[in-house]
Structure formats: C-alpha cells, structure tokens
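Based on the provided sequences and hints, a complete structural model is requested.
Protein sequences appear in the order of chains A and B. Under my numbering, the first residue of the first sequence is numbered 1, with each subsequent residue one higher. Under my numbering, the first residue of the second sequence is numbered 1, with each subsequent residue one higher.
Treat the hints with caution; some may be incorrect.
Unchecked claim - Pairs of lysine to any residue residues, derived as SDA-like cross-links and limited to a Cα-Cα distance of at most 25 angstroms, are as follows:
| no. | chain 1 | residue 1 | chain 2 | residue 2 |
| --- | --- | --- | --- | --- |
| 1 | A | K42 | B | D243 |
| 2 | A | K42 | B | A138 |
| 3 | A | K102 | B | T219 |
| 4 | A | K42 | B | A231 |
| 5 | A | K42 | A | E177 |
| 6 | A | K102 | B | D243 |
| 7 | A | K42 | A | L81 |
| 8 | A | K102 | A | P116 |
| 9 | A | K102 | B | A242 |
| 10 | A | K42 | B | G222 |
| 11 | A | K102 | A | R232 |
| 12 | A | K102 | A | A122 |
| 13 | A | K102 | A | D121 |
| 14 | A | K102 | A | L81 |
| 15 | A | K42 | A | A228 |
| 16 | A | K42 | B | R172 |
| 17 | A | K102 | A | F234 |
| 18 | A | K42 | B | P215 |
| 19 | A | K102 | B | P229 |
| 20 | A | K102 | A | R112 |
| 21 | A | K102 | A | E177 |
| 22 | A | K42 | A | A227 |
| 23 | A | K42 | B | G187 |
| 24 | A | K102 | A | A32 |
| 25 | A | K42 | B | L220 |
| 26 | A | K102 | B | L220 |
| 27 | A | K102 | B | A231 |
| 28 | A | K42 | B | H198 |
| 29 | A | K102 | B | T218 |
| 30 | A | K42 | A | R112 |
| 31 | A | K42 | A | G29 |
| 32 | A | K42 | B | H168 |
| 33 | A | K102 | B | G96 |
| 34 | A | K102 | B | R172 |
| 35 | A | K42 | B | E212 |
| 36 | A | K42 | B | T218 |
| 37 | A | K102 | B | P216 |
| 38 | A | K102 | B | E212 |
Hints listed in this document are in silico derivations from the structure and should not be mistaken for laboratory results.
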Amino acid sequence: MDTSTPDPAAPGAARTALLVLADGRFPAGGHAHSGGAEAAVKAGRIRDATDLAAFCRGRLHTTGLTSAALAAAAAAGVDALALDEAADARTPSPALRATARKLGRQLMRAARATWPCDALDALAAARPRGAHQPVVLGVTARAAGLGPEDAAHCVAYETVGGPATAVVRLLGLDPFEATAVLARLAPELDQVARRAAGAAHRALAEGTGTLPAASAPLLDITAEAHAAWPVRLFAS
Amino acid sequence: MTTAPADVAPAGIGATARITAVPDGLGGTRLPVLESDGPLALRRTRGTGAYARVTVVGAMSAPLGGDRLAVEAGVRDGAALAVDSAAATVALPGRGGRHARYDVRLTAGADARLRWLPEPLISARGSDLRMITRVELAASARLVLREEQILGRYGEEPGTLTTRLTVHRAGRPLLDQELSYGPGAPGGWDGGAVLGGHRATGQLLVVNPDFELNPPETTLLGDNAVLAPLAGPAVLVTAVAADALQLRRVLDRALRTFG
Numbered sequence: 001m002d003t004s005t006p007d008p009a010a011p012g013a014a015r016t017a018l019l020v021l022a023d024g025r026f027p028a029g030g031h032a033h034s035g036g037a038e039a040a041v042k043a044g045r046i047r048d049a050t051d052l053a054a055f056c057r058g059r060l061h062t063t064g065l066t067s068a069a070l071a072a073a074a075a076a077g078v079d080a081l082a083l084d085e086a087a088d089a090r091t092p093s094p095a096l097r098a099t100a101r102k103l104g105r106q107l108m109r110a111a112r113a114t115w116p117c118d119a120l121d122a123l124a125a126a127r128p129r130g131a132h133q134p135v136v137l138g139v140t141a142r143a144a145g146l147g148p149e150d151a152a153h154c155v156a157y158e159t160v161g162g163p164a165t166a167v168v169r170l171l172g173l174d175p176f177e178a179t180a181v182l183a184r185l186a187p188e189l190d191q192v193a194r195r196a197a198g199a200a201h202r203a204l205a206e207g208t209g210t211l212p213a214a215s216a217p218l219l220d221i222t223a224e225a226h227a228a229w230p231v232r233l234f235a236s
Numbered sequence: 001m002t003t004a005p006a007d008v009a010p011a012g013i014g015a016t017a018r019i020t021a022v023p024d025g026l027g028g029t030r031l032p033v034l035e036s037d038g039p040l041a042l043r044r045t046r047g048t049g050a051y052a053r054v055t056v057v058g059a060m061s062a063p064l065g066g067d068r069l070a071v072e073a074g075v076r077d078g079a080a081l082a083v084d085s086a087a088a089t090v091a092l093p094g095r096g097g098r099h100a101r102y103d104v105r106l107t108a109g110a111d112a113r114l115r116w117l118p119e120p121l122i123s124a125r126g127s128d129l130r131m132i133t134r135v136e137l138a139a140s141a142r143l144v145l146r147e148e149q150i151l152g153r154y155g156e157e158p159g160t161l162t163t164r165l166t167v168h169r170a171g172r173p174l175l176d177q178e179l180s181y182g183p184g185a186p187g188g189w190d191g192g193a194v195l196g197g198h199r200a201t202g203q204l205l206v207v208n209p210d211f212e213l214n215p216p217e218t219t220l221l222g223d224n225a226v227l228a229p230l231a232g233p234a235v236l237v238t239a240v241a242a243d244a245l246q247l248r249r250v251l252d253r254a255l256r257t258f259g
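Here it is as structure tokens:
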C-alpha cells in the first residue's frame, strides 16, 4: 500500500478524502443532472419546498438506498463487475442505465487522476463505456482509504443534493430553503447509509442478490419521457 | 430466499400450493402436480394452444396478518403453462399486528413458456403484507408476468405493502425491484419521486430470447407508463394510475402487443 494512503482503521483518518469525494466541485459531472427533479417540476409534482422534501425523501429511500448499498458493497470489496450486473437488474429504465454509466465514466476519469490504483484501472478496462456510477464511487472510496459507510453517505447525499440544487434553478426556490430541506433529511441520510453498509457486509458473505432493490416507479417512468425532451436544462 | 421470516404467528395459516407442468408428448402440456393448500385452491381451466391453464380460486379472504402463503410453479423443458386467478387478492389485517407473507416461486426450463397473469393485489387498511416473487428462467424460456398493486379498497387508506420481484435468466440477475408503500413504508413513498398520489401501480414483464436480436424500443404509454427494454432480452412496462381499471387498461395495451 502507498504510504500516502490513509489507514482506514484510524478514526477520521480519511475525513478529508471524504470531503473531496463528496464535494459538488469534484469534477465528476453530477451537476448536470437533476435526479428526476426537472421532470417532476414540469409535471407539477414539485412546486415548493414541501414537495421537494417529499420528492427527496422518496428518492432517498428507494434509488438512494439501492445505489448507496451498491457503492458500500464496492467499497467493502465485493466484485465490481458482479455489482455492475446487479445495478443493471436494479435499473429497468434504459435512460437511467445510460445516465448511470455516463456518470460512472466521468467519475472514473476524475478518480483515476486523484487516487490512481489497480482496482480502478481494472474496472475501467472491463467497462470502457462506463460502469454504473455507484459502483465506480465505491471502488474510488476504497482507493481513497474510505469505508463502506463513507461510500454510502456520498451516494445517499448525492441522491438528494442533486434534486435540491436543481430545483433552486428550475423553480427559483430560495437556496436557504433548499439547504434546510437537506439538513432536515440528515437523520434519514445517516440511517440509509447505515442500512446500506449493513447490506454491503451481508453481500460480502452471501452475494449481490441480498442487496436492497428499492425502486421508484415515477422516477423510472419520467426518466424515459425526460430523455426524449428536445430542450431541457438537465441531462437527467 | 433473501430474508428469513421474522416470526410465525400461531394463529396464522401456512399453505403452499404447487404446480408442475410437463410436455404431454402430443404438443400440449400436462400437470402431474396440481396441489391446492389451505386458502389457495387451484383449478385446471380451459387453456389455449399448447398451454395448460390453471386458475387460482378462493384466495379472496387471504392473506391475513400472520399468514404465510406460497405458490410454486415449475414449467419443465418444452412445457407451456398459463396461470391466472378468479379474483383479486386482498391483504387484510390479522390479530396481533403481525405481517403476512406471500411467496411466489416460478421456474421455467429450456423452451418452456410461462404466463403468470393474476388479478391485482389489494392492500386493505391496517394490513401488512410482504410479497416476494422469485423467477428462475433458462436462457431459452419465455415469460409474461403481470403484477398489480392497489393501495386500499375504494376510497380507503392503504395498508403496508412491500413487494420484491427478482428474476434471474440463465443464472444471472435480469430484474430486481422492491416496492414499498403505506404507513409502514419508509417516508416519501407518496411523494413526487415514487407514486405522486397515485393509488394503483403495476408492471408487465415480457422475457423473450428473440429480443436479443430485435430489442423493442422504449415507448411512452401516456404520461404515467412506459415500456422499456431491460439490459437483457426483456421489456418491462412500469405504470402508475389513479385506480385498478386505468392501470389494467395500460398494461393490457402492452400485453396485446408483446404477450
């Protein structure tokens, strides 16, 4: 192991790495995606901060939990290609599979430059058009000396942070209100990250079939319609 | 099975109905195993073509809280089986607030065909049901499977309903989805990401090895439903609707095209 890699056993040792990876400015392309919020705004399902909170909460406990568990499992050392296959089975929407692979490819570029390692190289070689983003994030977290729960936190936060930021732009929602929505979700984010990490440990012993598969019908339906819009502010 | 039962209510019913379908050697299908159990009564009904047809009757008053019901259907190499039901399944509350469990285990061998088209599952107020459907398909098997969840009887608040549908094809995962609704589900299930106030949701899954060469294209079926190809040779219709009737209308449209 490279001497610059922090010891994950030491408490807080990799805290800065977690901040770097979770930072919205980390150049992985996530800012171009609304997590389904653009379609929900257009359909009138998000009109204010209350709707945004319900949207984010639903997304967190469905696709958020599923993605966080995939990332946690990758960070725990579960085979990344098996997880990529599990992610496909958990993503029935072709538009969302394409988005997940595109984001995975972008994250892979940033991650290999930031925390170069054999595991990232191997995954990039096996999935040249991109692995699912949560899987790449989990492998990246491991490379950065982070643990499964850290990886799950990153993904869970991104699940709600993306829509909240997007709705500020789409609705002109007060950014303070949007941030308050995220802050109020914090206990549930922690809970989802813990559940995801628990599921990851189980997957190490019992395989990827035991990972959560929580899904959200409206996100799957509207993602396809949104991908066909001729003009849109966000890529997904 | 991915989760162990939390507990078994002494008052709950445990019942497993079984179907095995095999080719009859004359181009049709016979059913050497057709076992009813408890509230799950199976009747052989008139099929079409090579299909043997089985109708599940009498499940109307089940599952109650604490019940553990299961249906197992095995379609052997070259056989064709169609299963439907006479009425909707209504999940009702039981004594002691225990959850009920309903397991469906389906297998289809080489060149086997399975049509699994039950009536909807209705989650009545105060009920708590976990339904787990596991499907194992050989690479050349064909499947048509419909699931419909109705949240509450007419004008009623829903119970708690969790359904998981896991489909493997040639030993690899093809589709894995869990849906959770109602007062016992995690928050946000009725928000704009999940159901957005709709009270009926459903899926139609069609697995057909021919899709390997000619995958169907994504098709929007109105504002609240989409037909989309999975990562394997299969399409999934995902729909939400105001009620059971509107939901069935959308799923039937896709069934006519691909079923």
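Outcome of the hint check:
no.	hint	verdict
1	K42(A) to D243(B)	23 angstroms, holds
2	K42(A) to A138(B)	42 angstroms, violated
3	K102(A) to T219(B)	22 angstroms, holds
4	K42(A) to A231(B)	28 angstroms, violated
5	K42(A) to E177(A)	20 angstroms, holds
6	K102(A) to D243(B)	36 angstroms, violated
7	K42(A) to L81(A)	36 angstroms, violated
8	K102(A) to P116(A)	20 angstroms, holds
9	K102(A) to A242(B)	34 angstroms, violated
10	K42(A) to G222(B)	15 angstroms, holds
11	K102(A) to R232(A)	17 angstroms, holds
12	K102(A) to A122(A)	18 angstroms, holds
13	K102(A) to D121(A)	17 angstroms, holds
14	K102(A) to L81(A)	16 angstroms, holds
15	K42(A) to A228(A)	14 angstroms, holds
16	K42(A) to R172(B)	37 angstroms, violated
17	K102(A) to F234(A)	14 angstroms, holds
18	K42(A) to P215(B)	30 angstroms, violated
19	K102(A) to P229(B)	18 angstroms, holds
20	K102(A) to R112(A)	16 angstroms, holds
21	K102(A) to E177(A)	30 angstroms, violated
22	K42(A) to A227(A)	13 angstroms, holds
23	K42(A) to G187(B)	23 angstroms, holds
24	K102(A) to A32(A)	11 angstroms, holds
25	K42(A) to L220(B)	16 angstroms, holds
26	K102(A) to L220(B)	23 angstroms, holds
27	K102(A) to A231(B)	16 angstroms, holds
28	K42(A) to H198(B)	17 angstroms, holds
29	K102(A) to T218(B)	19 angstroms, holds
30	K42(A) to R112(A)	37 angstroms, violated
31	K42(A) to G29(A)	23 angstroms, holds
32	K42(A) to H168(B)	36 angstroms, violated
33	K102(A) to G96(B)	49 angstroms, violated
34	K102(A) to R172(B)	23 angstroms, holds
35	K42(A) to E212(B)	35 angstroms, violated
36	K42(A) to T218(B)	21 angstroms, holds
37	K102(A) to P216(B)	22 angstroms, holds
38	K102(A) to E212(B)	23 angstroms, holds
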